[in-house]
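If you want the building blocks of each chain, they are given just below.
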Amino acid sequence: NAGVMQNPRHLVRRRGQEARLRCSPMKGHSHVYWYRQLPEEGLKFMVYLQKENIIDESGMPKERFSAEFPKEGPSILRIQQVVRGDSAAYFCASSEGLSYEQYFGPGTRLTVT
Amino acid sequence: TQLLEQSPQFLSIQEGENLTVYCNSSSVFSSLQWYRQEPGEGPVLLVTVVTGGEVKKLKRLTFQFGDARKDSSLHITAAQPGDTGLYLCDGALNFGKGTSLLVTP
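Protein chains in written order, with the working numbering: chain A, 1 to 113; chain B, 1 to 105.
It is worth saying that the hints were derived from the structure and are not from the lab.
Treat the hints with care, since some could be wrong.
On the chain B side, residues computed to face chain A include the following (Cβ under 7 Å) [said to hold, decoys possible]:
| no. | residue |
| --- | --- |
| 1 | 27 |
| 2 | 31 |
| 3 | 41 |
| 4 | 45 |
| 5 | 95 |
| 6 | 97 |
Derived CB-CB ranges, DEER-like [stated by the list, open to error]:
| no. | chain 1 | residue 1 | chain 2 | residue 2 | range |
| --- | --- | --- | --- | --- | --- |
| 7 | B | 77 | A | 76 | 41 to 49 Å |
| 8 | A | 101 | B | 105 | 15 to 23 Å |
| 9 | A | 18 | B | 17 | 43 to 51 Å |
| 10 | B | 12 | A | 76 | 33 to 41 Å |
| 11 | B | 44 | A | 58 | 22 to 30 Å |
Each computed EDC-like pair below joins lysine to aspartate or glutamate, with the alpha-carbon atoms no more than 20 Å apart [to be verified]:
| no. | chain 1 | residue 1 | chain 2 | residue 2 |
| --- | --- | --- | --- | --- |
| 12 | B | 97 | B | 41 |
| 13 | B | 97 | A | 101 |
| 14 | A | 51 | A | 18 |
| 15 | B | 59 | B | 83 |
| 16 | B | 56 | A | 63 |
| 17 | A | 71 | B | 67 |
| 18 | B | 56 | B | 83 |
| 19 | B | 59 | B | 38 |
| 20 | B | 97 | A | 40 |
| 21 | A | 44 | A | 63 |
| 22 | B | 97 | B | 5 |
| 23 | A | 44 | B | 67 |
| 24 | A | 27 | A | 101 |
| 25 | B | 57 | B | 67 |
| 26 | B | 97 | A | 86 |
| 27 | B | 70 | A | 86 |
| 28 | B | 97 | A | 63 |
| 29 | A | 44 | B | 83 |
| 30 | B | 57 | A | 101 |
| 31 | A | 51 | A | 101 |
| 32 | A | 62 | A | 18 |
For clarity, every value in this text was computed on a predicted model and none was experimentally measured.
Beta carbons: idealized from backbone N, C-alpha and C, even for Gly.
Taking the hints into account, I'd like the entire structure generated from these sequences.
Right under this line is the structure:
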């Protein structure tokens with residue numbers, strides 16, 4: 001069984017560009033979570049989605065960030081007009097149902113120049 | 001937000017030593033998860049503790065959930081270099097900052 005897949009693994013964007021991060025959950029998992037990790041701050045929850053629904057976006061910045069999990073295809077975390085402060089590792093996790101036991105992908109490391 | 005405090009922040013020990021790391025909160029959790037993260041990778045789930053006072057063992061790792069379900073500990077017996085990593089506790093999607101463990105041969 002393939003685990004959680006994220007791509008790209010590394011992404012470089014210039015200030016003002018858009019970043020799109022993709023996450024394919026484990027087979028059979030319908031719940032997806034996005035986190036951001038910075039060395040000084042730890043792993044921070046951003047958003048929790050089920051297919052076609054955002055369940056909890058309490059950790060998502062109000063501007064420039066959006067997430068979706070369509071009926072078909074991967075979950076997408078989109079960051080518009082990136083700034084240097086967006087540089088971080090972004091992790092996606094999935095679970096079979098409503099569960100705090102999550103399976104993480106390898107992450108996307110975003111660098112904004 | 002329910003805060004989870006992990007201690008110590010850093011720990012460097014030699015192979016064969018025992019160690020305990022802690023995860024504390026003032027909030028009650030229905031469950032706590034422990035993960036290990038290696039550099040450049042995502043966290044890997046180790047265990048879930050659910051019942052107050054529960055003890056779970058995973059080879060040389062022993063996890064305990066506090067009676068009041070506010071805290072948890074992880075004890076490693078005879079640490080090995082392969083135990084090196086960042087140990088994270090998680091309650092209700094809130095992660096502690098982790099304990100960074102280095103085990104040297």
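To see whether the hints hold, each was checked on the structure:
1. Interface hint at residue 27 of chain B: violated, since its Cβ lies 14 Å from the closest Cβ of chain A, which is beyond the 7 Å cut-off.
2. Nearest Cβ of chain A to the Cβ of residue 31 of chain B: about 6 Å, under the 7 Å cut. The hint holds.
3. Restraint check, residue 41 of chain B versus chain A: the minimum CB separation of about 6 Å is within 7 Å; hint holds.
4. Residue-level restraint check for residue 45 of chain B holds (minimum Cβ-Cβ distance to chain A is 6 Å; threshold 7 Å).
5. Annotation: interface hint on residue 95 of chain B holds; nearest CB of chain A at approximately 4 Å, less than 7 Å.
6. The beta carbon of residue 97 of chain B is positioned within 7 Å of a beta carbon in chain A (closest approach about 4 Å), and the interface hint is therefore held.
7. Between residue 77 of chain B and residue 76 of chain A the C-beta distance comes to about 43 Å, which sits within the given range of 41 to 49 Å.
8. The hinted range of 15 to 23 Å is not satisfied by residue 101 of chain A and residue 105 of chain B, whose Cβ atoms lie roughly 33 Å apart.
9. At roughly 49 Å, the beta-carbon separation of residue 18 of chain A and residue 17 of chain B lies within the given 43 to 51 Å, and the hint holds.
10. Checked against the hint of 33 to 41 Å, the pair residue 12 of chain B and residue 76 of chain A passes, with Cβ atoms roughly 40 Å apart.
11. Hint check: residue 44 of chain B to residue 58 of chain A, Cβ distance near 25 Å, so the stated range 22 to 30 Å holds.
12. Taken as a hint, the residue 97 of chain B and residue 41 of chain B pair is honoured in the structure, with Cα atoms around 16 Å apart against an allowance of 20 Å.
13. The hinted pair formed by residue 97 of chain B and residue 101 of chain A meets the criterion: a straight-line CA distance of about 18 Å does not exceed 20 Å.
14. The hinted pair formed by residue 51 of chain A and residue 18 of chain A fails the criterion: a straight-line CA distance of about 23 Å is larger than 20 Å.
15. Proximity of residue 59 of chain B to residue 83 of chain B is assessed by CA-CA distance (about 12 Å); at most 20 Å being required, the pair is judged to hold.
16. Our distance criterion of 20 Å between C-alpha atoms is broken by residue 56 of chain B and residue 63 of chain A, whose separation comes to about 42 Å.
17. At roughly 42 Å between alpha-carbon atoms, residue 71 of chain A and residue 67 of chain B are farther apart than 20 Å, so this suggested pair is violated.
18. Note on residue 56 of chain B and residue 83 of chain B: the hinted pairing holds, with a Cα-Cα distance of about 17 Å set against a maximum of 20 Å.
19. Only pairs whose Cα atoms come within 20 Å are accepted, and residue 59 of chain B paired with residue 38 of chain B is accepted, the gap being roughly 19 Å.
20. The straight-line distance between the Cα atoms of residue 97 of chain B and residue 40 of chain A is roughly 8 Å, inside the 20 Å bound, and the hint therefore holds.
21. The straight-line distance between the Cα atoms of residue 44 of chain A and residue 63 of chain A is roughly 17 Å, inside the 20 Å bound, and the hint therefore holds.
22. For the proposed pair residue 97 of chain B and residue 5 of chain B, the alpha carbon gap of about 7 Å is at most 20 Å, so the pair holds.
23. The hinted pair formed by residue 44 of chain A and residue 67 of chain B fails the criterion: a straight-line CA distance of about 27 Å is larger than 20 Å.
24. Simply put, residue 27 of chain A and residue 101 of chain A have alpha-carbon atoms about 15 Å apart, close enough for the 20 Å limit, and the pair holds.
25. Restraint check for residue 57 of chain B and residue 67 of chain B: satisfied, since their Cα atoms lie roughly 17 Å apart, inside the 20 Å limit.
26. Taken as a hint, the residue 97 of chain B and residue 86 of chain A pair is honoured in the structure, with Cα atoms around 19 Å apart against an allowance of 20 Å.
27. Taking the CA atoms of residue 70 of chain B and residue 86 of chain A, the gap is near 33 Å; set against the 20 Å cutoff, the hint is violated.
28. This hinted pair does not check out: residue 97 of chain B and residue 63 of chain A have alpha carbons roughly 25 Å apart, beyond 20 Å.
29. About 24 Å separates the Cα atoms of residue 44 of chain A and residue 83 of chain B, which puts this hinted pair outside 20 Å; it is violated.
30. As the CA atoms of residue 57 of chain B and residue 101 of chain A are separated by approximately 17 Å, the hinted pair is consistent with the 20 Å bound.
31. Annotation: proposed proximity of residue 51 of chain A to residue 101 of chain A holds, straight-line Cα distance about 18 Å (limit 20 Å).
32. With a C-alpha separation of about 16 Å, the suggested pair residue 62 of chain A and residue 18 of chain A falls inside the 20 Å cut-off, and the hint holds.
The structure is inconsistent with the numbered hints 1, 8, 14, 16, 17, 23, 27, 28 and 29, although it conforms to all the rest.
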